[in-house]
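*Asks:* Knowing the structure of chain G, use the given hints to seat chain Y on it.
So the chains spell out like this:
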Amino acid sequence: MQGIIDSAASELLRSFREIQDALDRGGIDAAGTGADHALLRAMTALQFQDMTGQLISGLRARITCASGVLDRATAGELLQGNPAGEIFPRQIVLQANLAPGSIDLF
Amino acid sequence: MQSILAVDDSASIRQMVAFTLKNAGYNVIEAADGKEGLAKARENTVNLVLTDQNMPLMDGITLVKTLRGLPMYATTPMLILTTESSAEMKALGKAAGATGWLVKPFDPARLVEVVRKVIGQHVLVATKPATAGLRGLGTTWEP
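Top line first, the protein sequences correspond to chains G and Y. For the first sequence, our numbering assigns the number 70 to the initial residue and increments by one for each residue that follows. For the second sequence, our numbering assigns the number 450 to the initial residue and increments by one for each residue that follows.
So that you can see chain G by itself, here it is in the shape it has in the complex:
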């Protein structure tokens, strides 16, 4: 989770720095395509930041679930299925490893 946040933050900072440099060189008109591309990358990074927020919410739900499983196990309840799977941490995915999502037109 921290990796995703760090990756998105780095990309955001880099994009905004590029835009600022372009603006410093000659104003908004001269910034042109370079600034546009930097802005688009920043927007993609912002989406990852947003998705990270959703992942954190999901993680909180998993922790609550794990806590419930432990409570039941402690109380001596016979657990069904694979309760460990509810607690096992998921693999961290970094922004750099992901491309923008697929597009299917029906």
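Note that these hints are calculated values from the structure, not bench results. Careful, some of the hints might be misleading.
[Unchecked claim] Only some residues are given here: those of chain Y computed to face chain G with a beta carbon under 10 Å:
no. : residue
1   : M450
2   : S452
3   : A460
4   : S461
5   : F468
6   : P505
7   : L530
8   : G542
9   : L551
10  : K553
11  : D556
12  : P557
13  : A558
14  : V563
15  : R565
C-beta: ideal position from N, C-alpha, C; glycine also.
*Replies:* Relative to the frame of chain G, chain Y by itself:
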């Protein structure tokens, strides 16, 4: 100016979609969930609906299905923009009447291309007594 209804419970995603589409020359109407989206679609006439899937009160597939039941939105392009990428969910979206399925994160330039493509096809279909509708395009978008 053509209008697009952007429905997403994430304010930041909604704002990014609106920013991208406004820069591309569209009027963007925003809604925070399916129920609000349905109300705004009834209040306004929009040329395209772009909706998230997982939202409180009403999800994207239900929104698409409900709008398809209204005569004014029978052929309007409707895209689902979501983190969901399973074939089962896509099939549900298609069955509900969605025109396309976009997986987040979206690339702003590609989003604009897809929006232009489906709105353009809708105009073509609407102005000609076409034999083929919007659905059934059967394409995977690879610009």
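*Asks:* Each of the hints needs a verdict: does it hold here or not?
*Replies:* Taking the hints in turn, this is what the structure says about them:
1. For Y/M450, the shortest C-beta to C-beta distance to chain G is roughly 21 Å, which exceeds 10 Å, and the interface hint is violated.
2. Against a cut-off of 10 Å between C-beta atoms, the interface hint on Y/S452 is violated, since the closest Cβ of chain G lies about 21 Å away.
3. Interface hint status for Y/A460: upheld, as the beta-carbon distance to the closest one in chain G is roughly 9 Å, under 10 Å.
4. Hint status for Y/S461: holds, given a least beta-carbon distance of 5 Å to chain G, under 10 Å.
5. Look at Y/F468: its Cβ gets to within about 7 Å of chain G, closer than 10 Å, so that hint holds up.
6. For Y/P505, the shortest C-beta to C-beta distance to chain G is roughly 13 Å, which exceeds 10 Å, and the interface hint is violated.
7. Interface hint at Y/L530: satisfied, since its Cβ lies 8 Å from the closest Cβ of chain G, which is below the 10 Å cut-off.
8. Interface hint at Y/G542: satisfied, since its Cβ lies 8 Å from the closest Cβ of chain G, which is below the 10 Å cut-off.
9. A hinted interface residue such as Y/L551 counts as satisfied when its beta carbon comes closer than 10 Å to some beta carbon of chain G; here the least separation is about 5 Å, so the hint holds.
10. Hint on Y/K553 holds. Least Cβ distance to chain G is approximately 5 Å, under the 10 Å limit.
11. Evaluation of the Y/D556 hint against chain G yields a held restraint, the C-beta minimum of about 4 Å falling below 10 Å.
12. The restraint placing Y/P557 at the interface with chain G holds, with a minimum CB-CB distance near 5 Å, inside the 10 Å limit.
13. Hint on Y/A558 holds. Least Cβ distance to chain G is approximately 6 Å, under the 10 Å limit.
14. The interface hint given for Y/V563 holds, since its Cβ lies 6 Å from the closest Cβ of chain G, which is under the 10 Å cut-off.
15. With a least beta-carbon distance of about 12 Å to chain G, the hint placing Y/R565 at the interface is violated under the 10 Å criterion.
In this structure, the hints that do not hold are numbers 1, 2, 6, 15, in rising order.
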